[in-house]
Each structure stands twice: as C-alpha cells, then as structure tokens.
Amino acid sequence: MSWLPKSPKARRRLILVAAIAPVLALAVALTLWGLRGQVVYFYSPSDLAARPPETGQPLRLGGLVEAGSVSRDAAGHILFGVTDGAAEVQVVYDGALPDLFREGQGVVVEGRLETSGRFRADQVLAKHDETYMPREVADALKKQGVWREGEAS
Amino acid sequence: MIAEFGAFLLALAFAATLLQVGLSTAARWRGSDALGGAAQGAATAAAVLLALAFAMLIQAFVASDFSVENVAANSHTDKPLFYKVTAAWGSHEGSMLLWCLTGALFSAAMAWTRGPEKTFRASALAVHGGLNALFLAFLAFTSSPFARLAEPPVEGASLNPLLQDPALAIHPPMLYLGYVGFSAVFALAVAALIEGRRAGEWARWMRPWVLASWALLTLGITLGSFWAYYELGWGGWWFWDPVENASFLPWLAGAALLHSVIVTQRRGALAAWTVFLAILSFSLSMLGAFLVRSGVLTSVHAFAVDPSRGVLLLAILGVSAGVAFSLFAFRAKLLVREDANFAPVSREGALVLNNLFLTVSVGVVLIGTLYPLMLEAVTGEAVSVGPPYYNLTFAPLLGLGLTALPVGAMLAWRRGRIAPALKELKWAGLAALGALVWAAAVLGLGEIGAWLGATLAVWLMAGALWEPWSRAARGADRAGRWRRLKATPVAVWAMTLAHLGLGVFLLGAVVETTAKAQTSDILMPGGRTQVAGVELTLDSVGVREGPNYLAEQAVITARRDGRIVCRVEPERRLFPHNGQMTTEVGLCFQGLDDLYVVLGERRDDGAGRGWTVRAHWNPLARLIFLGPLLMALGGILAIAAWFRRRG
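Each protein sequence line maps, in turn, to chains Z and W.
For the first sequence, UniProt numbering gives the first residue as 1, with consecutive numbering after it.
For the second sequence, UniProt numbering gives the first residue as 1, with consecutive numbering after it.
Keep in mind that the hints were calculated from the coordinates and are not lab data.
No incorrect hints appear here.
SDA-like cross-link-like pairs, simulated, lysine to any residue; straight-line CA separation at most 20 angstroms:
#1 W:Lys426 - W:Arg471
#2 Z:Lys142 - W:Ala377
#3 Z:Lys9 - W:Ala272
#4 Z:Lys143 - W:Gly380
#5 W:Lys516 - Z:Asp122
#6 W:Lys333 - Z:Arg13
#7 Z:Lys142 - Z:Ala49
Here the structure is a predicted model, which is why all the values come from computation and not from measurement.
Chain Z with its partners taken away, still in its complex shape:
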C-alpha cells in the first residue's frame, strides 16, 4: 500500500486515528441524538398552565403535594394535587407510592399530560430523606414566592 506514509511511526499514528475516529464519531452522533430526543423536561404547575406541552410527551412535574388532596378513585387509583402556590395540577397514579410520600411535601412525578388536563404519572420519584427538596421544586416554589427560607435546605 504505497499511499500509506513511509515511516512506521506515522503509519501507527494513522492506524490509531483510523480506529479512534469512527468510534468517536459514533459516540458523538449517539449522544447528540440521545440529548435531542430522550431528555425529559421539568415543569412546575404554573409552567404547565402557561405553556402546555403536547399531550403524550413524557415530562416531569414537581411541586408540593397539596394538603388534603390525596384520595383514591373507584378503581383504586391514587389521586392527588401538585401545587406551586400559583397553579395546581391533578395527578392520577396507579402504583406503589414511595415510603416518603406525604401531603404538604415536595414531590416529583414523571408521566404525561392527558387531554383532560390531568397528569398521568408513571412514576413518583422517591427520596431518601424527609427534608430533601429536589432543586427544581425548590426553584419553582421560590419563583412563586411560597418558599420559606430555612424550611427545608
């Protein structure tokens, strides 16, 4: 192969680049594709009201579980309201609630918005610590002025 460089060192470099380049290209392509299509956006109840996403698109919703809102419907699904002080979204969930799910506490649910405006949750995110407040929830509450500093850090 006369078109290859003459010096063995340069040849090795060329082979190395030829091996690395396709793998890197593949990784970059997959990453960009993954970051375009596979990320889940976070909404507060006010965001949902202000700029509703397409129904059926997976998203995360975060806020406080409204006090006194947890109930069950006839089919045994769990219903609760998620609020950020300014707006409220009804959530329906059919599954096991994490041990630290409480009224009045921060919660993040993953799922999608139904055409009725109700949020169907596939998953209620757990936490390990009662005083832990997911950062997006804290930010959303701060935006609405419901956050009291020192309430939960």
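Position chain W against the provided structure of chain Z, taking the given hints into account.
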C-alpha cells in the same frame, strides 16, 4: 469532653498532615533519608490521630451524647448499638471524617510499603499529604463532626430509617475506600510527572493501588445497588440516576486505567495516557463527591444538602485537578519512551481499543449526567436525562467494545494474529450462537436488544473461560494440557474471573430487565395471587415490635405446583421517632431467580379490601450482584499475583 478531644485530635491530625507535606518536600529537596523517615512518621501519626478522632466520634454516638450536634441530629438512645456505630458515618460530617481517615490510612500505607524508591516516595507523599490537608481543612473548618450544641436536646432525632440497614452501613466505607484509593493513584501519577520519570517502575508501583481502588469501588457500588434493590421496594437496581453515575464514572475510568497501566508496566508504552487516566479517575471521584454533596442535580438517592459545602468541594476539585492537569500538559512528554512501540494487532493494541471504548463511555455518561446543569445554565430550562438516553448511547458503545474483548484477550503481546485467535474461540462463538437462539425463543422475538445482550454475555463468559484452556494447549498434548492448566499464573485467573464476572453480570442484567414479571393484588388473609407460575398465599398479617420501630408483618407462603417453595415475611416498618415508614422486602432465592414480595398499605375502597401485596419474579437477578463480586474478586486476585511476583 469526648467531642473536644475529638476536635483537638482533628487539629493535631491536620498539623501532622501539613508536617507530612513539608517534611516530604524537604526530603525530596535535600535527598535526606532522615527527613524522609520523619515524613513517614508524620504520615503515620496523621493516620493514628484520625483513627482516634473517628473512635471519639463513634464513642459519642455509642454514649448518645446529644450535646454533640451531629449525634443529636442522627442518633437516638433506643437505636440498636450496631446502628449507633454506623450512624457515625451516616451524616455529611461523619462521612467526610471517614473520607479523611481513609486518605490518611492510604498515605501511611504508601509511606511504609516496600517499592517506590526514596525520592519518588517523597514526592508522592508530599502530593498525597497535600490532598489530605485540603480535605481535612474542609472537614475541620466547614463541617466539624464535633460541634457542640448550646442547649442539648434530651433525645436525638434518630438516624434516617432507610440507613438502618446492614448493606447501607458498609456501603459508604467501601465506596470511600475506592474513591480515596484513587487519590493514592493520583499522587503517584503526579509524582511521576514531578520526577519526570520514564515509564516502567512507577507503573508497577501504581498498579496495586489501581486494582485495590477499583475492586473496592466495585464492591461499594454493588452493595449500594443491592440495597436499592431490596430496601426501596421497587425492584430496581440501577436507575442511571446522577448519584449512581457519580460513582460509575470513576469506576469506568478506573477500569480503563487498570488496563492501560498493564501496558505501561510491561511494555513502557501509553505512559502519558496512563498518567492522564490516573488524574482523571480521582478527579471524577471528587466530582462524584461534589455532585452528591451539593445537590445540584435532582436525584432519587439524594439527602438534604447544604449547597455552600458543595462550592468548597468544587474548589478542592478545581485546585487539585487544575494543578495536576497543568503539570501533565507541561511534563507529560518526559514520561514517554521513544522506543516503546507495538504493532496494532497485539495485546497492547487490544488494550488501546479497550481504553478507547471505556473512555468514550466515560464521556457519554459524563455528558448525560452534566447535561441538565449545562442546559439550565444556558437556557434556564430544567430537564432530566434518564435510562432512554443511556440505552441509546452507552449500551451500543459497550456492546461494540465487549464484542472485541474475548478476541483481544487471546492476542499475544507485541505481535498477535487475529485469525488464529478467532479459530481458538470457535466454541465460544458456538455457545454465543446457542444463546442467541435461546434468547430469541425465551425472551420473545421483539426483544432484539435483549437477544444481542444475552449473546454477548455468553460470548464473554465462554471466551473468558476458554482463554486459560487454550493457553494451556500451546505446544502440549492432552495429558500435558491439564498439568499446564494447573500451572496457569494467578494473574491469568484474575483476568478470567473479572471477564467472566462481566459476562455473568450482563446476562443477569439483560434477562432480569426483559423477562421480569410483576403482579399487584389486594388480599385478605387466606387470599391468593400468582406470579410467574408461583402461587402466593397471604397467611396472616401481624404486628411485630422491633428495637426502635413497629412493624406490620405479613406471612406469605409461596407454592409451585402445590409444593411449598418458601415462606417470606415482608414488613412495613414505622419508625415513630422519625414518623417515617420503610419497606422490608420479602426475598426468596429460587436458584438464580428472585421471588420478591412487598407488603403495601391496607386498603378498603373501590379496588378491594385487604392488604396490597406486590410480587415480582426477577429471573437471574442473582447474577446481577454475583457478576460484580466476581469482578472485584478478579481485582483482588490480581493484587495477590502482583505481590507474589515481587516476593
């Protein structure tokens, strides 16, 4: 008194660590043996002082001294003794003290192990002492575990009940041994840069540290994953959560490093790359500590955090990584040996390929983990990156790398040939083909990703097991083969075990994820439900009193074809001091499969009356945790081989 004594010991340890830095630097400068010996002494003193300080903290917890803030926040008099002790590292302050103690112990070990010659050791001790001093300063000045309360409460707030579990009690120490172990690797790498030493010797000194850190990190991650699996009660074991990724990133970089350091040691090549990976591994460990401690990313494993501490951790990360990488930029060329060359098709070449895939995976996982932060900084939008992203990016890259693994392990050093290696692997290939047919038949035709995964797993396992056998065959008849197999070096068995473990893990992960079954029912005592051909009967639900909790305990009998296979007792525990519930899963091992039963709340509504009982059938779930154990064992065996070769 104990707390003041502990704080005093902490200050002394800080002084001893500074002394370690100063004396080591002076010893290196003056080439003085006496100063070098003094530095060794200082490192030892720091370790002893920190061990005593840690003992003081444990004593404060055992004695339930609620005038100490940390004890009051994390302990309670009626907690069992075991969890009083483990609560000592259950909080941020205590776990940082554990981090510092681990660092000091490694420094002392580095000071006394035979191996590095004097000047090199002095440089490494100075660098490692510097790191330890940074973390000790962070501990002493911002998060002292010995801070007193002006008005001590009568009773403590008790430890988070989720942490009152044996697996989670030893998970942090294991993880920290791994993280902090990489700090020793980092120190040796920076010492190599300072000394401008050509590849060879230092790679040999670095290798056992890399292996030990990586093996311990493997154990730590596995324990954490197993804990999440049975304590959280959702049946999942990996969620691609930022906190999980934080420990997985240094693991991947460490895996790359433990392969590249072999090339550097044996062939003198890849020296600069090895040093780069060494710095990267510890930088990623620190990044992990920062992500976990600062709470900048929303995680299902997060605990309440104080963001101001995160900033300081980020500063430590910036300083140490910045200094190390600048040093690398200016001095890396001094490490390179011009004569160290190898053919592309060779064991060395295969290890370069391994490193290519592993580091690209590090990049992909790192981008996925940090993307929410980057996006929020730029556009203000909050997003999360979950499993779909990693399935799309990490899985194919890993798949490509793993396909090449058995072939690469068959290649000879210096110059290998692919065709004979492939010929040697024909049986492994056949086994993999069998797995493909089996997977298509059992897992269902639609699960193409799962077929490929199962095929790959069997290819890995068969390839790993075949390697020592084919090695023994070289130039030997049938009788000689067994004799030669028995004489296979320990290092080869270590590799076999680690690669086998990877295949075992992959098989478990793929089959469990694809073929698991789940059922959820509301049962009254006497009621029955079924999962994967196993009939479950709720015999009774009673109340049991634990040391510091009340448990609602169900007795559930599992039968297959009318025969009792096992009896499980899942619980819901209420910890009155925290007002918190925890779930104790009923686990029943069925060979390699798990029957996993969760007791839910009592219901009396439209859906029915009785207790919610969730049952999962997780096929081959045992392999998910067995695989990493084999990998860690492989790492430990490799350390044993390293010591044997030297002795």
